[in-house]
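*Asks:* Chains as they are written, first to last, in the numbering used here: chain P, 1 to 244; chain R, 1 to 244.
Everything labelled a hint here was simulated from the structure, so no lab data went into it.
There's no promise every hint is true.
When chains are identical, the list treats them as one kind, so a pair holds in a single copy or across two.
What the hints assert, rightly or not - Lysine to any residue pairs mimicking SDA-like chemistry, simulated, CA-CA at most 25 Å apart: (1) 140 / 155; (2) 183 / 207; (3) 140 / 105; (4) 183 / 48; (5) 140 / 158; (6) 183 / 105; (7) 140 / 94; (8) 97 / 206; (9) 97 / 167; (10) 97 / 86.
Protein chains: 2
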Amino acid sequence: MAASSARITTIGFDADDTLWHNESIFEASHRSYCELLSRYHDAETVERTLFATEMRNLDLFGYGIKSHALSSVETAIELSGGQIRADEIRAILDSAKQMLAHPVELLEGAAEVVPALAADYRLVLITKGDLRDQERKLRKSGLEEHFAHVEILSEKDTAVYRRILSRHGVAPEQFLMVGNSLKSDILPALDLGCRAVYVPYRITWAAEHAEHPQGSEVDGRFFQIATLRELPALLASLASAPAG
Amino acid sequence: MAASSARITTIGFDADDTLWHNESIFEASHRSYCELLSRYHDAETVERTLFATEMRNLDLFGYGIKSHALSSVETAIELSGGQIRADEIRAILDSAKQMLAHPVELLEGAAEVVPALAADYRLVLITKGDLRDQERKLRKSGLEEHFAHVEILSEKDTAVYRRILSRHGVAPEQFLMVGNSLKSDILPALDLGCRAVYVPYRITWAAEHAEHPQGSEVDGRFFQIATLRELPALLASLASAPAG
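Let the sequences and hints guide you as you build the complete structure.
*Replies:* If you want it as structure tokens, here you go:
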């Protein structure tokens, strides 16, 4: 695709598990949740049922910790056959509050790479989830000032990326998306004709699973790096020897 | 204020209880909630305690139905001294889901006035609350296409309005805000030097109470109407005989 030889002017960053830890906080909450329900069901059943509840509620609740908490309470009632006690439900609510108040822990390289790239590119934060929670994390991250725009969305698909690029007057070939979710960050950006850098996180929420992009149509547009530290060198290589 | 004689180019509309019913849905939910807890406490105590829980959780949870549901569960556990049963908590969750799935009922005049004004002004929806829920209501309202921009925010204060106007390149004297909340719609807009039209709703959530704007500094900039039907005539009078 010849278009991908255009100069990149704008970089989109996903937030959760791209700039800072997120799934690890959910993982800890899942452990205590399975523990709480262990006298009713094994951990595998608890996890599977909670995920099914979350998927069933996704259209109404959307993403984020509050949605997770409501689905957790619902699942606990279901899996305990209505025997779960009020103090145990209270523990689920307390866990959600702890998650919301959790310190923001930046991922490797984020604290150096984001400010450095902001000098040469227009950076846009593109994240989905709960409005207030995402704003809170961005504020706590210390990275807010480096983003020219912040887009907090209820879903991230091709239509959403198209709308964002159009609103900011950026052509797809000038845009590069960086994120840990193939489904929400990488595939929709590639689909639009943008370039995309996949930075896998240690764990991926089941709802974000997707196949790796393959085939000649993503040649020179799809990249994978281990940490954000590798991003500046990758961008430099794209600028000096454009693919396409 | 001479500046308010400038021509209005952009109208901001609040959403909940300005374009469509919202508090009435909460009101119905409050009734069944008080009923549920009536064997523990009288309705006044239940309402007061729930409101205190919501205010305590506001910074972590933000606005919206999911936050309301989590605070309702927490309050039910507290007011029952931990005696509330799982099926009663389930009823609280079910009520939240019903609220989220509730049909959007437009307020008087909205269906005619919004499309009519969209022909002459740039309309911006400026609402706070839950991202997904607000998007869902806007979609269901049938009014989405008439808004040039949609701003869903976690809070609506003077700084937020300043940012919105600046982003859209609108001077305060060219902007008029329409809403049912003195605190979130009217006072911050007046504070910025904009004009504001207050359209009271039948009920106001306690957290949105504020004093009526008064004094010479809002002369010719603050208006009150009974329903949106009166808005076009008010705008016409401002255009033909500017105040200030």
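*Asks:* Look at each hint and say if it fits the structure.
*Replies:* Hints and how they fare:
1. 140 / 155: both (23 Å within a copy, 17 Å between copies)
2. 183 / 207: Cα proximity of residue 183 and residue 207: one copy only (9 Å, versus 39 Å across).
3. 140 / 105: Classified as within: same-chain Cα gap 9 Å, cross-chain 38 Å, threshold 25 Å.
4. 183 / 48: Classified as within: same-chain Cα gap 21 Å, cross-chain 44 Å, threshold 25 Å.
5. 140 / 158: between (29 Å within a copy, 22 Å between copies)
6. 183 / 105: within (23 Å within a copy, 35 Å between copies)
7. 140 / 94: within (21 Å within a copy, 34 Å between copies)
8. 97 / 206: both (23 Å within a copy, 24 Å between copies)
9. 97 / 167: neither (35 Å within a copy, 33 Å between copies)
10. 97 / 86: For residue 97 and residue 86, the Cα distance is within 25 Å both inside one copy (17 Å) and across copies (20 Å).
Consistency with the previously given hints fails for number 9 only.
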